[in-house]
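Asks: Single-letter residue listing:
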Amino acid sequence: MRRAPRLGLRRGDVVRAVDDEIAFHIQMKVEKLVASGLSPEAARREAMRQFGDLEGVRRMCVTLDHQREHAMRRKNYLDELRQDVGYAFRMLRRNLGVTSVIVLTLALGIGANTAIFALVNAVLLRKLPVPNPDELLVLGDPSRVGSLSWGDNSRTDLHSWKTYLELRKQTDVVSGLAASGRSERLDVRTEQGGEAERPRGRMVSGNYFNVLQVPAFRGRVFDGSEDNAVGGSPMVAISYGYWMRRFAGDERAIGRDIHINGARFTISGVTPPWFTGEIVGTSTDIWIPITMQQMLTPNRPNLLEATQAYWLLLIGRRKAGVSFEQAQARFTPVLRMLLKEQAANPATAAGADTVTVPISSGARGLSRVRANFKAPLIALLGGVGVLLLIICANVASLLLARAVARAKEMSVRLALGAARTRLVRQLLTEGVVLALCSAAAGLLVARWGTQLLLALAADGGTRIPLDTALDLPVVLFTIGLSMVAVLVFGLAPALRASRVDLQSVMRANAKAVTGGSLTGPRIPIGKMLISAQVALSLVLLVGAGLLVRSLRGVERAPTGLDRDHLLIVDVDASAGGHTGERLYPYARELSERVQAVSGVVAVSYSENGIFSGTESASNIGVPSFTAREANDSITRYDAIGPGYARATGARLLRGRDIRESDIAGGLPVILVNETFARFYFGSADRAAGATIRLGDSTRAQIAGVIMDTKDHELTAEVERRYYYAYQQHPFEEPGQLRLIVRASGDPALLVNPVRKALRAYDAQLPINGIDPLSALMRASVRQERLLARLASGFGTVALLLAAIGLYGVLTYAIGRRTGEIGLRVALGARRGTVIGMVLGDALRLVVIGVVLGIPLALGVMQLIRTQLHDVKPTDPIALIVAVVVLGVSALAAALIPSLRASRVAPLVALRED
Amino acid sequence: MLDPDGGLLRGTLDVLILKAISWGPRHGYAVAEWIRMVTDEQLLVEEGPLYTALHRLEKKGWLSAEWGYSENNRRAKYYELTRSGRQQLRAEVSGWERYVRAVTKALTAAVPDAV
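Order-wise, the sequence lines are chains L and Z.
The numbering of the first sequence is this note's numbering, which starts it at 12 and goes up by one.
The numbering of the second sequence is this note's numbering, which starts it at 4 and goes up by one.
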């Protein structure tokens, strides 16, 4: 058999082939029949008859052939792909060093990005796992999840129970409106007198689960009837997590009784595993009907009756087609009317006319963490983004160097007839394999990274229970990031470099001797990449420097307090029924007990404490002062015990401290801080002894002026503040108590003795915390410290990568110039000259990077301005330190290759070519 | 080997084709002629189905095809057994022999077995 030229695989060809084949058969048959004596016409008829259904057979054959070719084409494609992938793995394995560097650095960069993105996703992006979360709306400030505010002031950020009951009647815009508020501390015992444990609870309205559309996983959850009778629903719903943790998932837990703060409640049901409450950053363990508030905390004011207790956030489900604006327009007039009715005095009532109820989407739930972490998280995301850019620049240099090294192979393959598209496909396959390896490694880094981040964010305290599971969006983010990183930054230059022609490659070998500039004129991209890396590293280093300096500044700024000797004791006096005027003797007793502890220099107390608890503000009137704006007569205040200035270490500028004799009945006295005195009186001198109005009618005398102290925040400016004598302060609300203990030595040593002394006096007293002030202050700048630490970490990695990149490029360039350097040495160049030459070239790249980096850094720093305290974004010290650190590192990285270059032996070098 | 209408039993044509090609590359016409000859013109009523069978076997991967020139210098499609085609033939042949032995034994039995 002689072979005939093969036909292509197009559709028409298949049909033609079948026709040819049948025609051949018929023709052969006809010839045979003619030879046996038939006429040509008869022979043709007979041949056709013997063949049978020609058209049917023809169609069948064509179909079969098409199917076969389709399968073959797919198989070919898969074979080629397998070949490409196999080849890619072989190539990557052959350059194991380069491959691992690429995969590891990319994994680091991608992992860091994924970790931060997982946090961003968990805190800012992810929606509540309830059905149709986009229908949810929130009435109030979604960040105030744990607050309870008292006062006659027409608030709209939180709502009272009475207001809620009225608002939820507006069923034309929402299909349901639920209320959710903080719970007091819950001491849960499974048996009376057993070991108490404190789950995180939430007080909710009966329709809470209906509105969120959360079904019961076991038993039943609330059905709305709980709101009908006050105190009539002694039941709780518990989360799946709590059920597992506390009851090991025991079915018998449903329906059993537990004791919460001494009262008996029945566990009615368990919520599904996917539901951990409506608050992002906290997982709720236990839900209690709001109507049970008095059973739960019998000594507290009745929050169901009080119209001036603002503590509920309202979550509603919009009806189809209702916009947030429409809902707002519906709720606002109702709220105005309610607040007007509830107002205790005319000024408040007038204020109620102008309020607007804040309405926002509830799709992402409520969160305090979100408000706090939004800006830092975005800053961090920017930081890791820059880091990834640097890493990409590194990868680009490496792939570029490899592409240049492979230019010869590519040109040979092209010369041998390989299709250019096939070569490109092959390079792409290598890129995708690299990207996927990096993504996989990056996910591992991220898993570990998010845990590290959460631990760092907690700073030794309790972990924020965030669900940072690497879910689909996060994994997609990672894979997308790796693809973009490798394909755009790594492969594009490599592809460009692969556009080779035979001539240039052949010439390249000759060039090794003739030289050119150090980094080689053929890869100016390599040069650019190093300068870009330097510039980006500078941005991260300046950022890190600024954040560290800001943190230092904040931590070291004078606070006006004896910060190293103070102990703050946070007790829950009202739990034992010590509220209002009953606080006076109780506070006195407690401080006397603590005073007796050895090592205690002085004891005082206050309502809000220092760096613990809340803040209060009030309206005041100063006769000699005319307010220009409404805010001018608002000032912060605290109620303080006798000897407060002495106990805290606040310097008394004028007048006297609060005394034991300042008790109810006499003329109320106050202390004011310097800012207060300056603002209202112009000076401390004029303020001392003056009489002012507090609130609506109380008159009080300024007994003394103390120096400004930072009472609650290190990062904020000191505000004007007055300090009301605790024993004279009329506690209309329950009131709080915090003891301030000044120690002679380390206050941490007094924690246990103080606890013992308090317990000895009142064994039932709940103690929320006994902490040295320095620890509380540290905790208050947790977020700033986290940011500074991470930024420093990013900066260090960036520096390292830039140094490695510089080292790599120099080594590569020197390798290519060995011949030239050898020639120079042979011609009498000294070692110093060679070293200087290499260092000079390196320096040029660094200088270009720094010159580009400085304006870039200054621009970028404007973006993190809000994260900086007491440091300008243009702080010269941070900039200079960054430049110096960068310069020294670059020099160190350049030194090794330059020394190596100087040791080039002339003979060896010349023989190489 | 014949169905009640006198046609080829399904699958029988396939094995005959495999057998026809087992001595080397052949085109469809040669296969048809061979079958006609060895079966005394008994089996191949129509030649068309032979071609659909050839194409089906090619799709299954038992045959490979190539265009070549016939003895009288015409372009013809030549079929050849692939490795798996040869295995298939061997399996079919031994299966057929087993079948024939069993049926022959049954039909030539002299005494009925006690039931």
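In case anyone wonders, no lab produced these hints; they're calculated from the structure.
It is possible that part of the hints are untrue.
Said to hold, decoys possible - Each computed SDA-like pair below joins lysine to any residue, with the alpha-carbon atoms no more than 25 Å apart:
no., chain 1, residue 1, chain 2, residue 2
1, Z, Lys22, L, Glu91
2, Z, Lys63, L, Phe62
3, Z, Lys62, L, Arg27
4, Z, Lys62, L, Arg84
5, Z, Lys63, L, Met71
6, L, Lys43, Z, Gly27
7, Z, Lys63, L, Lys180
8, Z, Lys62, L, Thr74
9, L, Lys43, Z, Ala23
10, Z, Lys62, L, Val608
11, Z, Lys62, L, Gly48
12, Z, Lys62, L, Phe62
13, L, Lys43, Z, Glu44
14, Z, Lys62, L, Asp90
15, L, Lys43, Z, Glu36
Asks: Now tell me, hint by hint, if it's right for this structure.
Replies: Now for the hints, and whether the structure bears them out:
no., hint, result
1, Lys22(Z) x Glu91(L), "violated, 34 Å"
2, Lys63(Z) x Phe62(L), "holds, 24 Å"
3, Lys62(Z) x Arg27(L), "holds, 18 Å"
4, Lys62(Z) x Arg84(L), "holds, 13 Å"
5, Lys63(Z) x Met71(L), "holds, 15 Å"
6, Lys43(L) x Gly27(Z), "holds, 23 Å"
7, Lys63(Z) x Lys180(L), "violated, 73 Å"
8, Lys62(Z) x Thr74(L), "holds, 10 Å"
9, Lys43(L) x Ala23(Z), "holds, 20 Å"
10, Lys62(Z) x Val608(L), "violated, 97 Å"
11, Lys62(Z) x Gly48(L), "violated, 39 Å"
12, Lys62(Z) x Phe62(L), "holds, 22 Å"
13, Lys43(L) x Glu44(Z), "holds, 15 Å"
14, Lys62(Z) x Asp90(L), "holds, 18 Å"
15, Lys43(L) x Glu36(Z), "holds, 11 Å"
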